[in-house]
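4 protein chains.
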Amino acid sequence: MERENQQYNGLKEACGIFGIYDINGHDTARITYYALHALQHRGQESAGIAVSDGKKINYHKGNGLVTEVFDEKNILHLKGHIAVGHVRYSTTGLNQIYNAQPIVVRYKNGYLALAHNGNLINADELRKELEDSGSIFQTSTDTEVIIHLIVKYIANGMVEAIKMAMKKIKGAYSLIIMTNEAIYAVKDPNGLRPLCLGLMDDSYCFASESCALDIIGAKLVREISPGEIIEISKEGIKTYEYDGSKKEAFCIFEYIYFARPDSVIRDVSVYSVRQEMGRRLALEYPVDADLIVPVPDSGIPAALGYSEVSGIPYGEGLIKNKYVGRTFIQPDQIHREIAVRLKLNVMSEMVKGKKIVLVDDSIVRGTTSKRLVAMLRNAGAKEVHLRISAPPVKFPCYFGIDTPSKKELIGSKASVEDIRKMIGADSLGYLSMEGLLSCFKDKGFCTGCFDGNYPIKVPEEGSKFIFDDFSTI
Amino acid sequence: MERENQQYNGLKEACGIFGIYDINGHDTARITYYALHALQHRGQESAGIAVSDGKKINYHKGNGLVTEVFDEKNILHLKGHIAVGHVRYSTTGLNQIYNAQPIVVRYKNGYLALAHNGNLINADELRKELEDSGSIFQTSTDTEVIIHLIVKYIANGMVEAIKMAMKKIKGAYSLIIMTNEAIYAVKDPNGLRPLCLGLMDDSYCFASESCALDIIGAKLVREISPGEIIEISKEGIKTYEYDGSKKEAFCIFEYIYFARPDSVIRDVSVYSVRQEMGRRLALEYPVDADLIVPVPDSGIPAALGYSEVSGIPYGEGLIKNKYVGRTFIQPDQIHREIAVRLKLNVMSEMVKGKKIVLVDDSIVRGTTSKRLVAMLRNAGAKEVHLRISAPPVKFPCYFGIDTPSKKELIGSKASVEDIRKMIGADSLGYLSMEGLLSCFKDKGFCTGCFDGNYPIKVPEEGSKFIFDDFSTI
Amino acid sequence: MERENQQYNGLKEACGIFGIYDINGHDTARITYYALHALQHRGQESAGIAVSDGKKINYHKGNGLVTEVFDEKNILHLKGHIAVGHVRYSTTGLNQIYNAQPIVVRYKNGYLALAHNGNLINADELRKELEDSGSIFQTSTDTEVIIHLIVKYIANGMVEAIKMAMKKIKGAYSLIIMTNEAIYAVKDPNGLRPLCLGLMDDSYCFASESCALDIIGAKLVREISPGEIIEISKEGIKTYEYDGSKKEAFCIFEYIYFARPDSVIRDVSVYSVRQEMGRRLALEYPVDADLIVPVPDSGIPAALGYSEVSGIPYGEGLIKNKYVGRTFIQPDQIHREIAVRLKLNVMSEMVKGKKIVLVDDSIVRGTTSKRLVAMLRNAGAKEVHLRISAPPVKFPCYFGIDTPSKKELIGSKASVEDIRKMIGADSLGYLSMEGLLSCFKDKGFCTGCFDGNYPIKVPEEGSKFIFDDFSTI
Amino acid sequence: MERENQQYNGLKEACGIFGIYDINGHDTARITYYALHALQHRGQESAGIAVSDGKKINYHKGNGLVTEVFDEKNILHLKGHIAVGHVRYSTTGLNQIYNAQPIVVRYKNGYLALAHNGNLINADELRKELEDSGSIFQTSTDTEVIIHLIVKYIANGMVEAIKMAMKKIKGAYSLIIMTNEAIYAVKDPNGLRPLCLGLMDDSYCFASESCALDIIGAKLVREISPGEIIEISKEGIKTYEYDGSKKEAFCIFEYIYFARPDSVIRDVSVYSVRQEMGRRLALEYPVDADLIVPVPDSGIPAALGYSEVSGIPYGEGLIKNKYVGRTFIQPDQIHREIAVRLKLNVMSEMVKGKKIVLVDDSIVRGTTSKRLVAMLRNAGAKEVHLRISAPPVKFPCYFGIDTPSKKELIGSKASVEDIRKMIGADSLGYLSMEGLLSCFKDKGFCTGCFDGNYPIKVPEEGSKFIFDDFSTI
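Chains as they are written, first to last, in my numbering: chain A, -8 to 464; chain B, -8 to 464; chain C, -8 to 464; chain D, -8 to 464.
Since the hints were derived computationally from the structure, they do not count as laboratory data. Note that the structure is a prediction, hence the values are computed from the model and not measured. Some clues are possibly wrong.
A pair holds if it fits inside one copy or across any two, identical chains being indistinguishable in the list.
Below, simulated DSS-like cross-link-like pairs (lysine-lysine); rule was C-alpha separation at most 30 Å, straight line [said to hold, decoys possible]: (1) Lys161 - Lys46; (2) Lys64 - Lys238; (3) Lys99 - Lys229; (4) Lys161 - Lys311; (5) Lys119 - Lys159; (6) Lys159 - Lys99; (7) Lys46 - Lys119; (8) Lys47 - Lys143; (9) Lys70 - Lys361; (10) Lys70 - Lys229; (11) Lys432 - Lys343; (12) Lys70 - Lys334; (13) Lys434 - Lys346; (14) Lys373 - Lys99; (15) Lys334 - Lys154; (16) Lys154 - Lys313; (17) Lys343 - Lys225; (18) Lys225 - Lys346; (19) Lys346 - Lys432; (20) Lys343 - Lys210.
If we strip away everything but chain A, and leave its shape as in the complex, we get (with noise of 0.2 Å):
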């Protein structure tokens, strides 16, 4: 499943964030805009910092990437040693500036500043409880009812309101939260995101993913429970629990395709877990072939797990182009079959004549697969056949993940034998449920978009965008 493409209609990440207290001296700013740049993958829309110094929180966020965004002067104005940072993703292409993270607002005690990943699924209700009691909204997130639940009860004291906020949100949601003298990180009772501890130096950071921690130099401590608050302050972390029931239902899709491959989540290294998935995939869908072909990026690992099995060489038969950018002129009618190769182009000289196995980590809507499975044969493969390193993609994602509707996924509503035939291959196999817990030690996922079992109970499919009520452009 390819990834940077805006148009392109695959499953997409919500947000990344990314936290530091500093104690050693360095610049927060510029050290939270490397931390979002690794984090980039997992929103393309906005990218903001804030900052405090103590007393006040300064803040620059806009819309496009980490790059784009931030400049030398932007970065120097953020003065402080504590910092918080968020990357979005791309929904519509307006201008949604307004809902750019982290919300930053005054309140009775000072400021707050606030970066979610994640999404609630009663924040409708939540609101309308809200605005009864007089509250009113400036954006479109539900991240903005979060800061009004937790200044509603922040006379109990900030970890207290934090709780007292948490249970009544329901959803996933990987938070950190800056004051102006201390920041937190906040787990869902599920831990249904990602969101880790890390050090540099001696400064403690929170971020989405280990690969945020890499860039900076900082090293992995732990990964954030399931309903545990975490707080930084002067007088050094302290750690709360304010859910005991901790059933763990971690995004099993984070390691199967968002998470970065160069990450560990949960002492579990993507890029290795995802070998294995390809490993599982050979021993329950062998086949008798000349080569494995990844679909780049993503389908690498998995390839490289099947060729080890499976003793079938692996080979690059599909190229990328390096130079994709955001905008191309469309090509007219005549020239449709353009825009897949402005992407990835057959290696024919590689592929010609041979028996090909595909290696993909999920379809979607499955017209990728079957453009690609079309280019294959065009290039002279003999056979193609699919291999897909999880399950079909059969329900929608409530907690984070933009999924198309449910008719609009192929996994939803056709058979595999039936989506075998629409995308043309000549066999088609998906990593069952079974083979891919089989890759993981421990247990505890979220495999709701595979199965309907979702660890909260889900609001009926059309009520799920809850927010879409007034917009900006």
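Given chain A, work out where chains B, C and D should sit, using these hints.
Then chains B, C and D, alone, in the frame of chain A:
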């Protein structure tokens, strides 16, 4: 006093506002765009338009001139029969987009958009009160305080809520408030800032100045009264009074400098009254001279009036460069004097060997007047007599004008004779307060910047800029 | 006649040029930047500066205003003691960057940079001649022909080469030519376009108009003579004559409209002569009226002169919007009349019930005059008498002014009475040719646009725009 | 060797070219746009397209990537059935737009557009010759010399003129030349740079690499021969030979690094031959190790080949950040190491405790290799063995590749053992020249950068960059 140059340290108007409730099928966003363009002199930092289609409010705002913020695409996107727009003046040049107006919020019963011209003097204490009762703030503007108050009282109905909110706030405010269904114009009990009612075909509209009505072909109906609320809805126009005192104290500086000369405010033509100030000035401070030279453009009408009474010919002794842009490469030290000439050039042929009367509307710091006098002398002027069509500016404004602090106001710290010496003029005459007031038939002005007599008790100077507490860049 | 608006179909000047040979250690690129800024009214399409350090020529050019094309970085990069700059007017709005000037070339002996104001009438045949002898062309400009000719004759020395080239070319040209080592100013034998010599400290410079000297603090020495070549090198200043006939035919329209009012050309103040035209106009076409209203800004001096002689008061009946930008959202059909008001508003208070004399410098197509008369009537003017401070424009210009074709010139196809009717004025008076010429002490003008008497035989109208043969976009 | 980063001091290809003579009604400008996009790796500085409609040539060029320079508007403006396009690599980052190609000129008989890939070694003397006979130059490119020569001989007909010009110029050149009526492809007698003939439906086209044919759905016909001229006109295809010697010396570095892996050049698949280099490298420099890690992306095929022969597993030990943009905020001194990690991250889980073979295609200065080895060690690699799939680069290229000077080439100044020490690898193996050549069936390569054996006598190193003599910024 020149206006265009952003770096110029003159006095700056706070804002311009416009609103319309259309029943004639006009494209309200486009109409608002043109109206804001005519009000551009009241604010060049940001521009915004919000539109209601009866159900929902959409908006677009951004930093820059109206023509920079809006294009065909976003105008087309803003559909609806009610609209409100705002232009805001430039403070720092940094990106303060979160303070752009109209502010649009969602609350219990729907949406509110609010555009504000003026300045509150008790916003800080009101904000603290609101924060104490749990409100959170996302901008640095006093306008956000007003919207919180209105929502707080909304259960009493919109008009009552506005009345109750207005009773809490103190200061200068001309407001246009839009709900999903109606639009409201409000003026503070002193009527400090302008706001008028217009009629475009059969549709009522509101504008800071009548020049905005001219551009869209609307007729000026009347000025909104101090302490008046006008409501335009599908039931037509209704008017309410929320403060019976009505002690009008209209900002006299709007007539002297801020308003566009082609506007008519409170039945008084701005241009004509400026000409009259020039006539009175000629009577108060006659001088034997050869040529009356205005400081373009604001000194022109007074210069013409002075010429008329004195019988001394009027002539353009200073010529403006029409291509003055925002960004100049700064001259090096050696060529510093170029900076002045970038904007104005002396007509040597015209002033050589002559006794000149230079007419301007005000002196703020005195540095520009000093340079102009020197330029005229260098070009061969035999004498330069400076005439100002208003009394010395001695006190800061707390009601929506961005004045320098008292210690930077030359009128505050030096006698007229000392100012004359500093500027290097042969003589200097300021129009007297009596002379100024005699230009008007009616009374009811705020003359605080000249005599410190403010219509409302003002805070200590230090506490003037209340909401500087968090900043975006 | 208004100038700022790019869409306005008035007459447009071709170019402005400036050059300096510095011996005082000035930053020549910066000096040229300011000088070009003062000449911006002569061309807004592109700007360019070339600098020689004695060995090599560096340059930068681009599309846009001087302040848009240049920034601190590229000014700093242009080091050298000789500089030449150019501004060019906007033709199509498309990117014609390859036609920007100065044109810089390398040839046998070194480098040449050439800046040209004017228009050749035999460029096409010269280009064919040069092509026949093997020359190739990379731009669509007649300027490239001149540079080819100079290089062709270069073996005879630079001055001789210029002389020989000048003998070949016909038309209007004021040139500044820079080699590695020297700078040259050249005027055609009729001296059609302006070019003057200035002195900045001890360094000689050349400029299209003296206003460019004013901004940099240079003194005006004298106008370059028709058929004169001036050379500035390390050996000082030398002057040469290449055409003894010297039948001066200076473009009279520079005085009427094109030149900046604060310039002095051929010892004549542009502003003063415009005022004089107004005086003569009042004598030729007196009228019983209440107010003299100029079309701002170009009609102002003539209106003041008319007022002076007639004794009728002068007043600003039309007010310009200072924020007229380049890009407006176009009004829809219903609101078409907004387009005019974007730039000018009528001062209703001032014109109501009055007999108005509207003074402008020229009528090209008549559409703007018609709208202005209508606006004045709508505002309540009792009578509107139009007075033009020049004779009717009847013929196209072949010498550097962008005029519409003869059939679009209203003066060419209609009688004065018919024009008056079309425009809707109560009376219409054009200054007579005799009246116009009597404003000047000296003779020697090109009045071709009024009477078709060109100083050189001109081609058929169809062949006017010779070099449209290949285009960049 | 990484390619994307503009600041990276690797080797840079000069240019990519494409041309088409369409008889099928294709939109040639759009086709050229896509083809140039596929050739973007050959040059990122500027892009240009010229189109002939049989009578006239229109063109558009600009600085930046193909997707930045062209938009729907300018593509639509370029109408015609013959087209030629060019991409150029980035030298300084400054605006060298006057050197963008194709160069388009008007000459006696019509128009010429010329796109050039390569580098002439006698351009300087030819330019002097041309200047002596009166030619003038407006760019700093050797390409302008070629066009002057062709025009000089044009009286003999186009093919003859090309032949005569080609006999004068020495060096590397693959050219596409377009007249109003025909298009020509030309290769130098040594065939140093690639250029192939393709067929899109029934229309012939030319491209630097076959990957450009793939994207537009054209078929690869054959490589142009050394010393061949192909003419496509309304009379179809004709081929000419202008140099019988045909001593082919194709740049072997195209196969090693420059060409896109999915291209086929001279019947050799670039990808396959790189894999073969890896296989030979494994035979020449075997090592006991646990994992073969490529430097992405260029080291991948050789790493796969090495893995295949050695039996050691292949794995992605270094992960690229997909969002590497052009403009990064530079890390401060303390965090300098971040710069490397912005582009590549080590997969610690994968390399920890392992003996690694790191495979790359070349070492230029050695600094990147050194950092990568250090990163692998820091991540826990037990041993790091560096294998390079080509011999040491010891000599600069004079034929179209931008190499650093000899003294900056580490291969030129240090022994393999010294390089190994400097880089910090446990062992270092370069593929031998024999090994490299044995990967190909045919002969006829330029291996000058490895052994100094150039096919043509080259100038002294100092005189390499001949045309730096005047610059735009």
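Hints versus structure:
| no. | hint | in the structure |
| --- | --- | --- |
| 1 | Lys161 - Lys46 | between (32 Å within a copy, 28 Å between copies) |
| 2 | Lys64 - Lys238 | neither (45 Å within a copy, 48 Å between copies) |
| 3 | Lys99 - Lys229 | within (24 Å within a copy, 38 Å between copies) |
| 4 | Lys161 - Lys311 | neither (40 Å within a copy, 36 Å between copies) |
| 5 | Lys119 - Lys159 | both (13 Å within a copy, 26 Å between copies) |
| 6 | Lys159 - Lys99 | both (21 Å within a copy, 19 Å between copies) |
| 7 | Lys46 - Lys119 | between (33 Å within a copy, 17 Å between copies) |
| 8 | Lys47 - Lys143 | both (21 Å within a copy, 27 Å between copies) |
| 9 | Lys70 - Lys361 | neither (51 Å within a copy, 34 Å between copies) |
| 10 | Lys70 - Lys229 | within (25 Å within a copy, 51 Å between copies) |
| 11 | Lys432 - Lys343 | between (40 Å within a copy, 20 Å between copies) |
| 12 | Lys70 - Lys334 | between (41 Å within a copy, 26 Å between copies) |
| 13 | Lys434 - Lys346 | neither (37 Å within a copy, 32 Å between copies) |
| 14 | Lys373 - Lys99 | neither (70 Å within a copy, 56 Å between copies) |
| 15 | Lys334 - Lys154 | neither (47 Å within a copy, 39 Å between copies) |
| 16 | Lys154 - Lys313 | neither (46 Å within a copy, 38 Å between copies) |
| 17 | Lys343 - Lys225 | neither (64 Å within a copy, 35 Å between copies) |
| 18 | Lys225 - Lys346 | neither (62 Å within a copy, 43 Å between copies) |
| 19 | Lys346 - Lys432 | between (34 Å within a copy, 26 Å between copies) |
| 20 | Lys343 - Lys210 | between (46 Å within a copy, 15 Å between copies) |
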